[in-house]
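J.: Keeping their order, the protein sequence lines are chains A and B.
According to UniProt numbering, the residues represented by the first sequence are 1 to 339, in order.
According to UniProt numbering, the residues represented by the second sequence are 1 to 339, in order.
Bear in mind the hints are in silico, worked out from the structure with no lab data behind them.
A couple of the hints might just be wrong.
Computed Cβ-Cβ distance ranges for the label pairs, DEER-style [unchecked claim]:
id: 1; chain 1: B; residue 1: E197; chain 2: A; residue 2: G33; range: 24 to 32 Å
id: 2; chain 1: B; residue 1: P84; chain 2: A; residue 2: A153; range: 39 to 47 Å
id: 3; chain 1: A; residue 1: K14; chain 2: B; residue 2: R10; range: 27 to 35 Å
id: 4; chain 1: B; residue 1: V29; chain 2: A; residue 2: E207; range: 54 to 62 Å
id: 5; chain 1: B; residue 1: P265; chain 2: A; residue 2: R10; range: 47 to 55 Å
id: 6; chain 1: B; residue 1: T18; chain 2: A; residue 2: A262; range: 45 to 53 Å
id: 7; chain 1: A; residue 1: Q244; chain 2: B; residue 2: V29; range: 34 to 42 Å
id: 8; chain 1: A; residue 1: V294; chain 2: B; residue 2: S187; range: 55 to 63 Å
id: 9; chain 1: A; residue 1: G178; chain 2: B; residue 2: S152; range: 30 to 38 Å
id: 10; chain 1: A; residue 1: D124; chain 2: B; residue 2: A211; range: 51 to 59 Å
id: 11; chain 1: B; residue 1: S152; chain 2: A; residue 2: R10; range: 37 to 45 Å
id: 12; chain 1: B; residue 1: A339; chain 2: A; residue 2: T209; range: 47 to 55 Å
id: 13; chain 1: A; residue 1: P62; chain 2: B; residue 2: Q244; range: 17 to 25 Å
id: 14; chain 1: B; residue 1: A215; chain 2: A; residue 2: P62; range: 18 to 26 Å
Idealized CB from N, CA, C, for every residue including glycine.
There are 2 protein chains.
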Amino acid sequence: MNRRLCLARRPAGKLTTTDLVLIDEPVPVPGPGEVLVRNTWLSIDPSIRIRLAETTPDGYLPPLRPGDALSGLALGVVAETRNPDYAVGDLVSHTLGYREFAVVGTGAQTLGGYGAPTRVDPGDLPPQWFLGPLGSAGLTAYVGLVEILELSAADTLWVSSAAGAVGAVAAQLAALRGVTVLGSAGSPDKVAYLRDELGIAAFDYHEPTLAESLAALAPTGIDAYFDNVGGDHLTAALDALRPQGRVALCGAVSGYDGAAPAGPPNLFTMVAKGLRMRGFRAGSFNYLEQPMRVEVGGHLAAGRLVHRESIFDGIEQAAAALVAMLAGATTGKTLCRLA
Amino acid sequence: MNRRLCLARRPAGKLTTTDLVLIDEPVPVPGPGEVLVRNTWLSIDPSIRIRLAETTPDGYLPPLRPGDALSGLALGVVAETRNPDYAVGDLVSHTLGYREFAVVGTGAQTLGGYGAPTRVDPGDLPPQWFLGPLGSAGLTAYVGLVEILELSAADTLWVSSAAGAVGAVAAQLAALRGVTVLGSAGSPDKVAYLRDELGIAAFDYHEPTLAESLAALAPTGIDAYFDNVGGDHLTAALDALRPQGRVALCGAVSGYDGAAPAGPPNLFTMVAKGLRMRGFRAGSFNYLEQPMRVEVGGHLAAGRLVHRESIFDGIEQAAAALVAMLAGATTGKTLCRLA
Chain A
1 MNRRLCLARR PAGKLTTTDL VLIDEPVPVP GPGEVLVRNT WLSIDPSIRI RLAETTPDGY
61 LPPLRPGDAL SGLALGVVAE TRNPDYAVGD LVSHTLGYRE FAVVGTGAQT LGGYGAPTRV
121 DPGDLPPQWF LGPLGSAGLT AYVGLVEILE LSAADTLWVS SAAGAVGAVA AQLAALRGVT
181 VLGSAGSPDK VAYLRDELGI AAFDYHEPTL AESLAALAPT GIDAYFDNVG GDHLTAALDA
241 LRPQGRVALC GAVSGYDGAA PAGPPNLFTM VAKGLRMRGF RAGSFNYLEQ PMRVEVGGHL
301 AAGRLVHRES IFDGIEQAAA ALVAMLAGAT TGKTLCRLA
Chain B
1 MNRRLCLARR PAGKLTTTDL VLIDEPVPVP GPGEVLVRNT WLSIDPSIRI RLAETTPDGY
61 LPPLRPGDAL SGLALGVVAE TRNPDYAVGD LVSHTLGYRE FAVVGTGAQT LGGYGAPTRV
121 DPGDLPPQWF LGPLGSAGLT AYVGLVEILE LSAADTLWVS SAAGAVGAVA AQLAALRGVT
181 VLGSAGSPDK VAYLRDELGI AAFDYHEPTL AESLAALAPT GIDAYFDNVG GDHLTAALDA
241 LRPQGRVALC GAVSGYDGAA PAGPPNLFTM VAKGLRMRGF RAGSFNYLEQ PMRVEVGGHL
301 AAGRLVHRES IFDGIEQAAA ALVAMLAGAT TGKTLCRLA
């Protein structure tokens, strides 16, 4: 049998594990051109929470209905093939996570444009890194810094959710490029992790206030903000940005798990200071995957870039992993490992 | 004596003429390097309303205090000179409007970076056009279209407040460049003006809804939005924009005259659709004034660009002009003409 994590009922407020349910189905059978993949690693990302609501934002993937399986990036091994381009035993990434087995075609399923399936050759590296710093999280960080914010070494950058999968790569990669970086996170442990292990100037967004913390660490303001949070973080960034500053909108996790906050009340300061803001999804920039892997992979191999994982074992733990990650209880890349 | 329009008390909600008061002072005396200008035309612009509040947005000019004279762009004749670069009788633009006489230095006063004083040679053209389509309003429109939105002929553009000083130039200039243009305004008269005199597809933002009006005129969405209004207009634009769409934030008059509205609740759609938003002030782009004047001036001279003015006579009417303009009761460029 194939166990898939499905939506049991739409969450009322914050997601709980009882909003999700494992449902058995027979292991699916690949059709012509398709392969059957046995998933080995599931990527646990905040954005799936968006699709658990009644409606999704304009331009986004449609909402899931109760009974639907969740989807997300995953890594797995080809168990059966009806496609001459894939052999049994091939390691591939694809977008039908949150389940033990998946039938994937060539270019059939895409999640946020990231594409599926793609053969992965990890070499000596841990394969799950291709779901994290060498995969979607790394590409998101790279695109945000290089393509959206166009950072230079003279800039001061604030990365929110800097102890998360994307934020940790963004903060470190920017620092390695010579940028002055501040990172924020939601607990003393994460702040200590950022300061002591990643070497990033960091603050806890709970106290004293975002404005005071930013003023203390960047008294003359910031030039760029990598937004993973939205809400009050984005408001504080608009206030702290210097003229001609830039914002990369990567996601807004503060609005995913419960009611979306209102937009920033100080948007007019974008006129006053000539600010730029741009939203993006990594899937629109797949052509940057190779340069990202060269740069991030080089830093990882040399030990210059620290990578932490929060690993949950077994499909039974996938719901708990997602709830914990949304609640801010995990650090670094959150993953679910299947046997 | 010199009459100046001053802040009597901070407006509670919408500005009324009793919030402002004309105060006499002796005609000021120019010091070394300065000139005395007798103002002939005052530009009545919405942005001064921002400085009548208790606080101004980060990055903006400071608030006026009760008793302070309002300031704004103006055109006048040099009446007395202590600067060899200016002769009596020279026509100059500067930033000390809302008064009959002003002493201006070289580079001393600036409003939003637009600079002061600048000699104006109107040739055969009405001099007040250099406060409107050939001045700040024209430059704002030009910068928004060319530099911020980077429009091409394949684009569909929505211009809000399209019957206003900036919007009317932006809408027409874009249409003359081959862009498909929709304009919105706040009354049936203005919509008729846009449709019948400017040849712009137009709608009244009051009805039925912004979303329905946009869907009717641009059923497949818009590529760019020139925002003069903010608030619900910006929210509707984010929903209507196609992937990779752009927003130029030029001002947010909906938030000037009373309580500022909350930011758009749908900002996340910028991530979903990869949207870009950029605030700007024309004063940062003065190097584009000459190309703007060549293009806009050519269209005006050839009768391809329609320009309407709402003229109030005498400094006694300056307060009424500002109140009327903020209330949306004027069309085109609002001006106060001094004897």
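J.: Look at each hint and say if it fits the structure.
T.: We went through each hint and held it up to the structure:
no.: 1; hint: B:E197 x A:G33: 24 to 32 Å; in the structure: violated (59 Å)
no.: 2; hint: B:P84 x A:A153: 39 to 47 Å; in the structure: holds (46 Å)
no.: 3; hint: A:K14 x B:R10: 27 to 35 Å; in the structure: violated (42 Å)
no.: 4; hint: B:V29 x A:E207: 54 to 62 Å; in the structure: holds (56 Å)
no.: 5; hint: B:P265 x A:R10: 47 to 55 Å; in the structure: violated (19 Å)
no.: 6; hint: B:T18 x A:A262: 45 to 53 Å; in the structure: violated (33 Å)
no.: 7; hint: A:Q244 x B:V29: 34 to 42 Å; in the structure: holds (39 Å)
no.: 8; hint: A:V294 x B:S187: 55 to 63 Å; in the structure: holds (59 Å)
no.: 9; hint: A:G178 x B:S152: 30 to 38 Å; in the structure: holds (36 Å)
no.: 10; hint: A:D124 x B:A211: 51 to 59 Å; in the structure: holds (54 Å)
no.: 11; hint: B:S152 x A:R10: 37 to 45 Å; in the structure: holds (42 Å)
no.: 12; hint: B:A339 x A:T209: 47 to 55 Å; in the structure: holds (54 Å)
no.: 13; hint: A:P62 x B:Q244: 17 to 25 Å; in the structure: holds (20 Å)
no.: 14; hint: B:A215 x A:P62: 18 to 26 Å; in the structure: holds (19 Å)
Checked against the numbered hints listed earlier, the structure breaks hints 1, 3, 5, 6; every other hint is satisfied.
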